[in-house]
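Participant: Start from the sequences and build out the full structure, keeping to the hints where you can.
There are 2 protein chains.
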Amino acid sequence: MIQAAIISTGDELTTGRTTDTNAGFIADRLLGLGIDVVAVLTVGDRPERLRWAWSEALRLAEVVIATGGLGPTADDLTTETVAALLGRPLVHDAAVAERIRELFRLFNRPMPENNLKQAAFPEGAVIVPNPLGTAPGYRMEVGSAEDRRHLVVLPGVPREMKPMLTETVLPWLAELAGAARVGHRTFQTFGISESGLDEVIAGIPGEGRWSFRANFPEVSVRVVVRGDDVERRLEAFGREVYARLGQYIYGEGDTSMERVVGALLAARGVTVAFAESCTGGLVSHRLTNVPGSSAYYRGGVNAYANAVKEALLGVPSALLEAEGAVSEAVAGAMAEGARRALGSDLAVGVTGIAGPDGGTAEKPVGTVCFGLAAADRPTVTRRYQLWGNREWVKLLASQIALDWVRRHLLALPLLEIGPRGAGPAEAKRESVAPS
Amino acid sequence: MIQAAIISTGDELTTGRTTDTNAGFIADRLLGLGIDVVAVLTVGDRPERLRWAWSEALRLAEVVIATGGLGPTADDLTTETVAALLGRPLVHDAAVAERIRELFRLFNRPMPENNLKQAAFPEGAVIVPNPLGTAPGYRMEVGSAEDRRHLVVLPGVPREMKPMLTETVLPWLAELAGAARVGHRTFQTFGISESGLDEVIAGIPGEGRWSFRANFPEVSVRVVVRGDDVERRLEAFGREVYARLGQYIYGEGDTSMERVVGALLAARGVTVAFAESCTGGLVSHRLTNVPGSSAYYRGGVNAYANAVKEALLGVPSALLEAEGAVSEAVAGAMAEGARRALGSDLAVGVTGIAGPDGGTAEKPVGTVCFGLAAADRPTVTRRYQLWGNREWVKLLASQIALDWVRRHLLALPLLEIGPRGAGPAEAKRESVAPS
Numbered sequence: 560m561i562q563a564a565i566i567s568t569g570d571e572l573t574t575g576r577t578t579d580t581n582a583g584f585i586a587d588r589l590l591g592l593g594i595d596v597v598a599v600l601t602v603g604d605r606p607e608r609l610r611w612a613w614s615e616a617l618r619l620a621e622v623v624i625a626t627g628g629l630g631p632t633a634d635d636l637t638t639e640t641v642a643a644l645l646g647r648p649l650v651h652d653a654a655v656a657e658r659i660r661e662l663f664r665l666f667n668r669p670m671p672e673n674n675l676k677q678a679a680f681p682e683g684a685v686i687v688p689n690p691l692g693t694a695p696g697y698r699m700e701v702g703s704a705e706d707r708r709h710l711v712v713l714p715g716v717p718r719e720m721k722p723m724l725t726e727t728v729l730p731w732l733a734e735l736a737g738a739a740r741v742g743h744r745t746f747q748t749f750g751i752s753e754s755g756l757d758e759v760i761a762g763i764p765g766e767g768r769w770s771f772r773a774n775f776p777e778v779s780v781r782v783v784v785r786g787d788d789v790e791r792r793l794e795a796f797g798r799e800v801y802a803r804l805g806q807y808i809y810g811e812g813d814t815s816m817e818r819v820v821g822a823l824l825a826a827r828g829v830t831v832a833f834a835e836s837c838t839g840g841l842v843s844h845r846l847t848n849v850p851g852s853s854a855y856y857r858g859g860v861n862a863y864a865n866a867v868k869e870a871l872l873g874v875p876s877a878l879l880e881a882e883g884a885v886s887e888a889v890a891g892a893m894a895e896g897a898r899r900a901l902g903s904d905l906a907v908g909v910t911g912i913a914g915p916d917g918g919t920a921e922k923p924v925g926t927v928c929f930g931l932a933a934a935d936r937p938t939v940t941r942r943y944q945l946w947g948n949r950e951w952v953k954l955l956a957s958q959i960a961l962d963w964v965r966r967h968l969l970a971l972p973l974l975e976i977g978p979r980g981a982g983p984a985e986a987k988r989e990s991v992a993p994s
Numbered sequence: 560m561i562q563a564a565i566i567s568t569g570d571e572l573t574t575g576r577t578t579d580t581n582a583g584f585i586a587d588r589l590l591g592l593g594i595d596v597v598a599v600l601t602v603g604d605r606p607e608r609l610r611w612a613w614s615e616a617l618r619l620a621e622v623v624i625a626t627g628g629l630g631p632t633a634d635d636l637t638t639e640t641v642a643a644l645l646g647r648p649l650v651h652d653a654a655v656a657e658r659i660r661e662l663f664r665l666f667n668r669p670m671p672e673n674n675l676k677q678a679a680f681p682e683g684a685v686i687v688p689n690p691l692g693t694a695p696g697y698r699m700e701v702g703s704a705e706d707r708r709h710l711v712v713l714p715g716v717p718r719e720m721k722p723m724l725t726e727t728v729l730p731w732l733a734e735l736a737g738a739a740r741v742g743h744r745t746f747q748t749f750g751i752s753e754s755g756l757d758e759v760i761a762g763i764p765g766e767g768r769w770s771f772r773a774n775f776p777e778v779s780v781r782v783v784v785r786g787d788d789v790e791r792r793l794e795a796f797g798r799e800v801y802a803r804l805g806q807y808i809y810g811e812g813d814t815s816m817e818r819v820v821g822a823l824l825a826a827r828g829v830t831v832a833f834a835e836s837c838t839g840g841l842v843s844h845r846l847t848n849v850p851g852s853s854a855y856y857r858g859g860v861n862a863y864a865n866a867v868k869e870a871l872l873g874v875p876s877a878l879l880e881a882e883g884a885v886s887e888a889v890a891g892a893m894a895e896g897a898r899r900a901l902g903s904d905l906a907v908g909v910t911g912i913a914g915p916d917g918g919t920a921e922k923p924v925g926t927v928c929f930g931l932a933a934a935d936r937p938t939v940t941r942r943y944q945l946w947g948n949r950e951w952v953k954l955l956a957s958q959i960a961l962d963w964v965r966r967h968l969l970a971l972p973l974l975e976i977g978p979r980g981a982g983p984a985e986a987k988r989e990s991v992a993p994s
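Keeping their order, the protein sequence lines are chains A and B.
Take the first sequence: its letters are residues 560 to 994, numbered as in the working numbering.
Take the second sequence: its letters are residues 560 to 994, numbered as in the working numbering.
Careful, some of the hints might be misleading.
No distinction is drawn between identical chains; accordingly, a pair holds when it is met within one copy or between any pair of copies.
What the hints assert, rightly or not - Keeping only pairs whose Cα atoms sit at most 25 Å apart, straight-line, the calculated SDA-like set for lysine to any residue is:
(1) Lys721 to Gly947
(2) Lys721 to Thr574
(3) Lys922 to Ser853
(4) Lys676 to Asp757
(5) Lys676 to Arg785
Quick caveat, the hints were computed from the structure, so don't treat them as lab data.
Here the structure is a predicted model, which is why all the values come from computation and not from measurement.
Facilitator: Structure, rendered in structure tokens:
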């Protein structure tokens with residue numbers, strides 16, 4: 560198995576101004592090729608620290624991928640450091656220099672002379688094009704055939720780095736790693752805990768490397784397969800996973816609950832509206848993050864005050880008084896009111912206690928009620944006991960609201976949520992999908 | 560200046576399942592004490608990799624702070640590795656063991672024997688209590704007086720690690736760093752770019768280390784002061800900063816625009832409502848993230864479809880037709896409609912084109928109009944040209960809506976936004992506050 564080291568460079572990382580998301584992104588993609596990351600080395604913009612990081616990385620691993628330090632200013636030292644460490648001269652690349660000049664012309668700005676620094680590369684470097692910025696990256700091979708090292712240098716800005724990695728670096732690494740014989744699939748789940756998934760997956764026969772990634776309130780499951788017959792084996796794993804976990808898998812690969820729900824609504828020509836109390840607009844916000852959502856999202860009423868529930872959603876004040884604002888009956892009435900007032904095919908109502916205050920013995924913090932109203936069937940309601948702080952309760956409730964739409968459109972059973980089921984022994988992971 | 564190295568441990572980090580937010584959090588807090596982070600070393604749960612990380616960290620820096628690898632399972636190797644590296648035996652701590660047993664009783668779960676592993680520490684370790692989990696941390700001093708090393712080991716779960724760092728470790732480090740002579744202030748700004756801030760700050764006399772942190776759509780400015788008279792000098796810097804940047808500073812320290820706006824609304828007894836089109840509920844979502852927001856947030860209407868703008872907000876269809884849904888007139892009518900329908904003192908309307916589709920030559924993607932309606936003055940409206948992808952336009956627009964409320968309550972001038980003003984030369988940073 561090929562081993563890699565990642566170097567993240569920049570004072571903004573070692574001073575905590577910026578969270579390094581590059582290393583994780585790269586590590587995730589390398590894992591997909593069956594490449595193992597032995598270490599991430601993060602250093603600020605100082606020559607001696609960069610030298611330390613590069614010497615150690617080259618000592619530890621066959622592949623080194625570095626981000627940052629390619630800018631035009633004096634504190635951008637990556638290329639100089641690498642060239643010095645490898646004992647290679649810097650070579651000026653005329654084509655890259657011309658592209659930089661052109662970009663400045665395009666932006667109608669004078670080009671500072673030091674920007675041409677970005678057109679100098681260690682001898683032997685192969686350019687990795689940067690479609691979105693002035694600094695291209697590069698890759699190099701060094702060392703003898705028995706002791707080969709592969710270096711990749713990319714800019715630190717994530718939106719420039721990511722396409723460069725995906726479009727140019729990964730295909731090249733895939734070849735290096737013999738990726739014709741490596742493949743993977745990632746299943747996105749909601750409504751089952753990491754340990755619950757672990758148990759189910761453990762029973763699946765066949766050789767694959769399974770891993771879980773909890774990203775509250777979801778858990779994704781990935782299987783990496785190496786060796787012969789990769790495609791066929793991935794297909795067989797997929798069949799098993801769907802047979803055992805079907806209703807919990809909302810999508811595969813790089814997707815999200817809101818995108819899946821949006822695509823389902825669009826495909827079926829169904830419009831939706833939301834009546835939100837405790838989620839305060841989060842359900843609507845998430846669905847409207849999906850480009851093109853105006854095709855199926857009519858709108859929503861965020862009804863915090865009871866008077867708003869009455870005036871805009873027509874929830875009877877007698878019902879609010881008798882059942883309380885956090886009740887299945889009110890959630891149902893909110894859904895029906897939203898469907899009526901906003902003229903949608905489908906509507907979901909959410910009302911609950913996000914905390915930290917407002918809980919009672921009967922309705923503790925985390926109590927959230929849902930209602931779904933549709934033309935073709937009676938309104939469905941349900942009360943769940945959720946957990947976590949205010950933001951988690953909101954997030955989990957918004958996820959349930961979206962999952963209800965998904966399950967309704969796919970005629971799946973209503974989501975079941977048991978107790979959290981994670982004691983202190985499991986506190987190591989921040990995982991918290993409902994079990 | 561004291562130098563520190565940070566170690567982040569866990570396979571979840573080197574496989575990209577989890578983004579490491581611990582290292583940045585720690586680095587930020589250390590900077591506040593004037594302690595410089597020379598490197599972050601991230602490794603998976605393998606003995607040889609942990610050994611590498613610890614030996615290098617102890618070689619590089621006087622203070623080493625590590626997170627992760629303190630769990631009860633076989634792949635939690637930090638304590639064993641540290642003890643072996645330092646040549647110290649493991650010592651069982653009876654009080655810690657009892658606390659672990661008690662936690663399991665509390666959760667009503669059987670305790671696996673291997674959890675007692677968390678009660679063993681290298682000889683000489685001083686316990687750092689963990690109020691929120693089973694694994695305490697510890698700190699140690701090693702080496703001779705001339706070559707002293709300070710080690711801190713904390714669990715990897717952020718919500719456990721953070722209070723342990725803040726409550727126990729930082730006060731101890733402050734003493735070590737002579738923090739009586741170090742102090743800092745952090746100003747949160749919105750509406751001015753990082754380079755704009757940089758220019759203004761550069762003119763401020765006095766000795767302090769200034770740094771900027773762009774967290775779209777905001778930029779925070781921090782000044783660290785060392786030496787004599789720390790308090791007085793911080794106060795003087797504060798006076799200068801407010802004199803030059805007053806209206807752009809919405810708060811200081813660990814706060815957010817929504818919390819500041821919420822506190823202002825609560826203090827003045829003013830209620831608010833929102834009518835959101837392109838932000839799709841995000842403004843309401845953000846304000847309802849603030850605990851206690853039900854005291855001043857009445858609710859909101861997310862009016863995506865024009866029919867919803869008409870039916871729930873009373874926007875005249877003739878106006879929609881004449882001016883278009885994205886217009887100052889409609890934004891104003893939305894704000895007035897929300898104020899009327901939701902019965903609030905104050906209301907803000909937002910309508911725009913978040914993209915990627917829907918733009919025209921006259922109203923390109925990023926065109927967003929705002930309106931603010933209040934009892935005591937005529938409705939104010941304004942059109943801005945925003946930038947970025949769909950999520951950025953939404954986020955920036957939601958920030959402007961909240962800032963409008965803040966500026967209204969503080970009788971500040973209307974927010975001015977110029978062109979983005981960042982060409983390729985500045986693309987290195989993801990910074991993007993409006994200039």
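Participant: A separate judgement is required for each hint: does it hold in the structure or not?
Facilitator: These are the hints, each one checked on the structure:
1. Taking the shortest Cα distances, Lys721 and Gly947 sit within 25 Å of each other only across copies (17 Å), while inside one copy they are farther apart (33 Å).
2. Proximity of Lys721 and Thr574 under a CA criterion of 25 Å is satisfied in both settings, with 23 Å inside one chain copy and 16 Å between copies.
3. In the homo-oligomer, the alpha carbons of Lys922 and Ser853 lie at most 25 Å apart only across protomers (17 Å), although the nearest pairing inside one protomer, at 36 Å, exceeds that limit.
4. Within a single copy, Lys676 and Asp757 get their C-alpha atoms only as close as 50 Å, which misses the 25 Å cut-off; across copies the closest is 24 Å, which meets it.
5. For the identical chains of this complex, Lys676 and Arg785 are neighbours neither inside a copy (42 Å) nor across copies (35 Å), given an alpha-carbon limit of 25 Å.
Hint 5 from the earlier list is the only one contradicted by this structure; the remaining hints agree with it.
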